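K.L.:
Which chain is which? The protein sequence lines are S, W and G, in order.
For the first sequence, the working numbering gives the first residue as 13, with consecutive numbering after it.
For the second sequence, the working numbering gives the first residue as 41, with consecutive numbering after it.
For the third sequence, the working numbering gives the first residue as 34, with consecutive numbering after it.
Do not rely on the hints blindly, as some may be mistaken.
As the list claims (entries may be wrong) - 20 angstroms max Cα-Cα, derived EDC-like pairs, lysine to aspartate or glutamate: (1) W/Lys273 x S/Glu218; (2) W/Lys165 x S/Asp222; (3) S/Lys131 x W/Glu311; (4) G/Lys102 x G/Asp46; (5) G/Lys163 x W/Glu315; (6) G/Lys163 x W/Asp74; (7) G/Lys163 x W/Glu317; (8) G/Lys102 x W/Glu213; (9) G/Lys163 x W/Glu323; (10) G/Lys201 x W/Glu323; (11) W/Lys273 x S/Glu278; (12) W/Lys43 x S/Glu49; (13) G/Lys201 x W/Glu322; (14) S/Lys162 x W/Asp74; (15) W/Lys43 x S/Glu218; (16) W/Lys165 x S/Glu218; (17) G/Lys163 x W/Glu213; (18) W/Lys165 x S/Glu221; (19) W/Lys43 x S/Glu221; (20) S/Lys75 x S/Glu278.
Stated by the list, open to error - Sample of chain G residues lacking proximity to chain W, with all beta carbon distances greater than 12 angstroms (derived): (21) Ser84; (22) Ala119; (23) Leu123; (24) Ser196; (25) Arg381.
If you are wondering where the hints come from, they were derived from the structure by calculation, not from laboratory data.
In this text, all values refer to a predicted model and were calculated from it rather than measured experimentally.
We treat Cβ as the ideally placed atom computed from N, Cα and C, and that holds for glycine.
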Amino acid sequence: MQELLRRYGSGLTLIMCLLVAFWLLMLVIVPNITLFEQSFRPYLPVSEIGGPRDVYSANNYLKVFEGQVTSSLFGIEFEIPVRVRTFLLTIWYSMVVAVLCLMLAYPLAYYMAKIVNPKSLPTLILLLFIPLWVSEVLRAFAWWIILAFKGPLNALLLAVGLIEDPIRWTNMGFTGVVIGLIYTYVLFMLFPIYNAIQSLDTNQIEAAEDLGAPWWKIHWRIVIPHAKPGIASGCVMVFMLSAGSLLVPSILGSTTSQWFTQTINETFNDALDWNTASAYAFLLLILCTLFVSVAMWLFRVKLSDIAK
Amino acid sequence: MHKTRQTLAHVYMVLFLIFMLAPLIVMSGAAFNDSKLPSIVPWRGWTTMWFSEMIADERMMWAFANTLWVAVAVALISVVIGTASAIVINSIAGRARTVLYGLMISTILIPGVVIGISTMILWTKMGNAVGTEFFLFNPGLHLSVLGQVSYIAAMVMLLVLARLQSFDAGLEEAALDLGASHAQVMRRILLPHLYPAIGAGAAVAFFQSIENFNVTQFTRGGADTLTVYVFSKVRAGITPTINALAFLLICVTLVLAVIYEINRRRRARIEAAREAEARRAEEAML
Amino acid sequence: MSAGIDLENVCCDFGTFRAVDNANVSIKPGEFFSFLGPSGCGKTTILRMVSGFIEPTQGTIRIGGNDMKGQRPNQRPTALIFQNLALFALMPIWENISFGLEVRGVDKATRRRKAEELLKLVDLPGAADKMVSQLSGGQKQRVAIARALAVEPQVMLLDEPLSALDLKLRQHMRAELRAIQKRTGVTFIYITHDQGEALAMSDRVGVMSQGRIQQIADPREIYNNPVNGFVASFVGENNIFTGEVQQAASGMASFATPHGQFRARLGEVTGKAGKLYVRPEHTLLSATAGAENAIPVTVGDVSFEGNFITVHATSDSGATLTSELRNDGSATVPALGAKMFMSFDAARAAILPDANVRG
């Protein structure tokens with residue numbers, strides 16, 4: 013604080029601190045506190061707000077456990093509340109997306125950092141960036157076209173002879189959603205890992221090679237440990253973005269692939285029950301944060317490593 | 041090694057690029073297909089009618105205008121807040137820095153759904169509490185702006201902070217020593233150094249805002265942005281006007297990317313020439 | 034215009050660490066004054082206190098007779114040249130130089146004219162529209178000086194500005210700096226850890242160690258008559274003998290050491306214990322022992338360095354000694370392993386106390 017004053021004087025320091033305060037208080041902390049508070053209030057007609065029935069309760073949260081459905085896992089059938097199931101599936105498929113993105117992005121990140129001719133790297137990065145600049149809804153829409161029953165993917169596979177009958181891609185559970193999420197978020201995995209690998213001294217790789225290490229061992233013992241912060245931040249980003257995505261599941265989802273954000277959206281915008289929606293949103297925030305914290309603790313990375 | 045593995049790596053890169061770019065090509069191609077459904081198969085012949093239909097689509101044009109002003113507002117506010125935050129973070133230390141920095145970064149990870157709902161609830165509740173009909177407290181795109189700023193400012197902050205790390209605080213002292221006021225130091229020394237990052241931050245903020253859906257969906261009231269409009273179109277049976285729009289957006293992106301790249305190369309050339317001159321001067325002296 | 038600077042009992046603490054302890058010095062207007070000392074001795078802290086970036090914990094700093102207490106850097110009649118020069122890379126040279134005028138609201142044409150004048154003064158005409166990255170190290174140096182001169186300071190403060198340059202350029206710039214100082218008549222305060230720089234350029238030098246000023250004198254005095262062991266060994270080389278003062282009379286004393294009995298000038302030694310310092314170039318090597326101050330040695334290592342010859346020898350009592358012989362063309366180079374006598378003039382050797390530090 014003293015350094016701030018010394019470097020920029022009291023007037024500018026005051027202005028900058030007010031800006032930071034406005035951001036963090038008015039746009040982040042207070043809204044979330046309000047969300048939390050609202051989530052414990054019942055959904056009432058306007059005339060009854062503040063009335064005797066407007067008391068705090070955990071009812072909104074308990075709604076998560078309403079409405080049992082039958083589900084099966086490994087052949088065992090069991091009853092589970094529908095929203096709990098939606099939530100668990102959302103978490104599960106977000107993890108699947110993160111892992112698949114990691115598998116797809118790691119080789120390319122290594123290629124960009126250590127193999128490709130540095131002269132063509134800017135062009136390559138530019139080409140990769142183009143889809144990122146094109147809006148998310150259009151990227152999902154592009155896959156909606158490709159995966160259509162009479163779309164180009166089926167046409168291509170039929171022409172090559174890999175399949176005999178066209179496949180209903182968007183009606184196969186979470187297939188469409190997972191493909192769409194990977195396409196949309198794989199770059200958020202690629203660039204952190206690329207940055208991390210790039211800072212690895214190439215001599216270390218060559219030294220390991222010189223000592224006779226096979227290629228997989230070089231990756232396992234040298235490159236991956238060095239790239240861990242990048243991998244962790246990529247995984248956290250992709251997981252959070254996937255779990256919080258609303259567009260992709262809405263556009264590419266099938267009748268059986270309900271995403272938790274869709275549940276929240278329906279509660280908020282269709283049922284207009286802001287209070288229950290608040291409870292769900294808060295659950296999403298807390299449980300995802302918990303999940304990510306545990307993962308970060310397991311892999312021993314800090315929040316400050318996540319940046320960039 | 042490596043010949044085979046090297047070849048495999050190149051092949052993988054090409055496949056990855058196809059995976060990233062093919063959907064965009066398919067989407068653009070469908071804009072020219074004379075078919076009621078947006079697809080490239082079966083090909084029913086060239087047409088540009090989807091472009092004229094797009095221009096005629098008033099709702100889309102309206103949404104387009106909305107998107108632009110929201111994006112400009114988000115870029116402006118985020119740049120101001122993000123730059124101030126980066127400067128503050130850069131000159132504090134210890135626990136306060138850790139806490140503030142963590143809080144700022146965590147906004148990027150908060151699901152957009154949560155940001156949207158919480159922003160909406162806070163401002164409408166404040167309006168109810170004060171009992172005012174002032175527009176700020178009603179649902180609408182201005183709330184979308186505030187919601188989007190809450191995490192986009194963090195992205196700007198990260199970009200500016202990275203640039204600040206290469207800033208020599210000695211320059212500020214030199215300017216102060218020469219008699220500059222704090223405001224003059226900020227305007228003539230610090231900000232010019234940060235302009236590249238601020239520019240990049242503004243671009244990122246602008247594009248992030250354009251593609252934002254989650255926050256907007258929960259705060260927009262009745263107004264449309266392009267993303268929301270396209271979303272509703274995709275859900276309710278589409279004509280390829282969306283493809284025409286997508287094609288134009290991709291073209292704009294490409295042109296901007298090429299301009300950026302040309303500019304970057306030109307600057308690198310100029311800088312290399314300057315350094316060569318400095319080396320020659322050095323040698324001439326000895 | 035130039036002003037004198039007075040430091041009266043100036044102290045500066047960083048937490049519990051005392052960076053500058055009770056500094057007293059009076060620098061005359063137009064003087065070229067250097068603070069010389071190893072890194073961490075407090076010299077940069079003094080400079081930053083004079084320029085106003087740090088406030089002294091105690092004591093008074095006066096510039097031109099005015100107390101500087103509470104004056105911010107931009108209110109003081111000083112201009113600082115930074116160790117890394119701190120040129121503004123995004124401005125062309127002339128804007129760099131005239132920045133101090135720009136922030137004072139001087140109009141553009143005047144600023145431009147002033148910048149061109151100053152560029153001529155520092156011998157860099159025609160560089161006005163170049164960018165900083167187009168200049169060599171030496172040229173950047175001159176721009177930094179011109180920028181500092183533009184605000185017509187009464188005092189210039191230079192923080193090791195030559196340390197980034199390579200040897201040859203550094204020597205060239207020494208003469209240049211000295212010439213610019215004489216031309217402008219501005220008081221220069223120069224910070225360095227390089228004794229050669231300090232001795233070559235300064236009117237007076239203040240040698241510092243551990244936050245204390247050890248000695249203030251002109252360069253010859255510093256080299257020839259150091260007041261204590263720190264100054265003697267920081268500035269130049271020495272042969273050092275530890276021993277005991279025995280008889281003292283009229284500034285001379287006899288001194289008993291394990292290597293023999295010597296006679297030398299007596300410095301401000303309290304008590305009997307002390308050290309005797311004699312410079313290698315003040316010693317002689319000869320085949321026969323002289324009247325006094327002669328030590329029998331065996332020549333160990335001889336290195337021929339052009340203008341002089343350095344001889345490392347071991348005394349019979351086990352001390353390692355160095356002798357520097359001027360190469361006047363006729364000097365014979367001692368043979369390896371030769372038995373000789375090293376001797377020195379009593380007037381050229383001194384018995385000195387250790388450095389002045391807090392007890």
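K.L.:
Are the hints correct? Go through all of them and say.
P.N.:
Here is what the structure says about each hint:
| no. | hint | in the structure |
| --- | --- | --- |
| 1 | W/Lys273 x S/Glu218 | violated (54 angstroms) |
| 2 | W/Lys165 x S/Asp222 | violated (67 angstroms) |
| 3 | S/Lys131 x W/Glu311 | holds (17 angstroms) |
| 4 | G/Lys102 x G/Asp46 | holds (16 angstroms) |
| 5 | G/Lys163 x W/Glu315 | holds (12 angstroms) |
| 6 | G/Lys163 x W/Asp74 | violated (59 angstroms) |
| 7 | G/Lys163 x W/Glu317 | holds (10 angstroms) |
| 8 | G/Lys102 x W/Glu213 | holds (19 angstroms) |
| 9 | G/Lys163 x W/Glu323 | holds (18 angstroms) |
| 10 | G/Lys201 x W/Glu323 | holds (12 angstroms) |
| 11 | W/Lys273 x S/Glu278 | holds (18 angstroms) |
| 12 | W/Lys43 x S/Glu49 | violated (62 angstroms) |
| 13 | G/Lys201 x W/Glu322 | holds (11 angstroms) |
| 14 | S/Lys162 x W/Asp74 | holds (16 angstroms) |
| 15 | W/Lys43 x S/Glu218 | holds (16 angstroms) |
| 16 | W/Lys165 x S/Glu218 | violated (62 angstroms) |
| 17 | G/Lys163 x W/Glu213 | violated (23 angstroms) |
| 18 | W/Lys165 x S/Glu221 | violated (64 angstroms) |
| 19 | W/Lys43 x S/Glu221 | holds (15 angstroms) |
| 20 | S/Lys75 x S/Glu278 | holds (14 angstroms) |
| 21 | Ser84 | violated (6 angstroms) |
| 22 | Ala119 | violated (4 angstroms) |
| 23 | Leu123 | violated (5 angstroms) |
| 24 | Ser196 | holds (14 angstroms) |
| 25 | Arg381 | holds (38 angstroms) |
When each numbered hint is compared with the structure, violations occur for hints 1, 2, 6, 12, 16, 17, 18, 21, 22 and 23.
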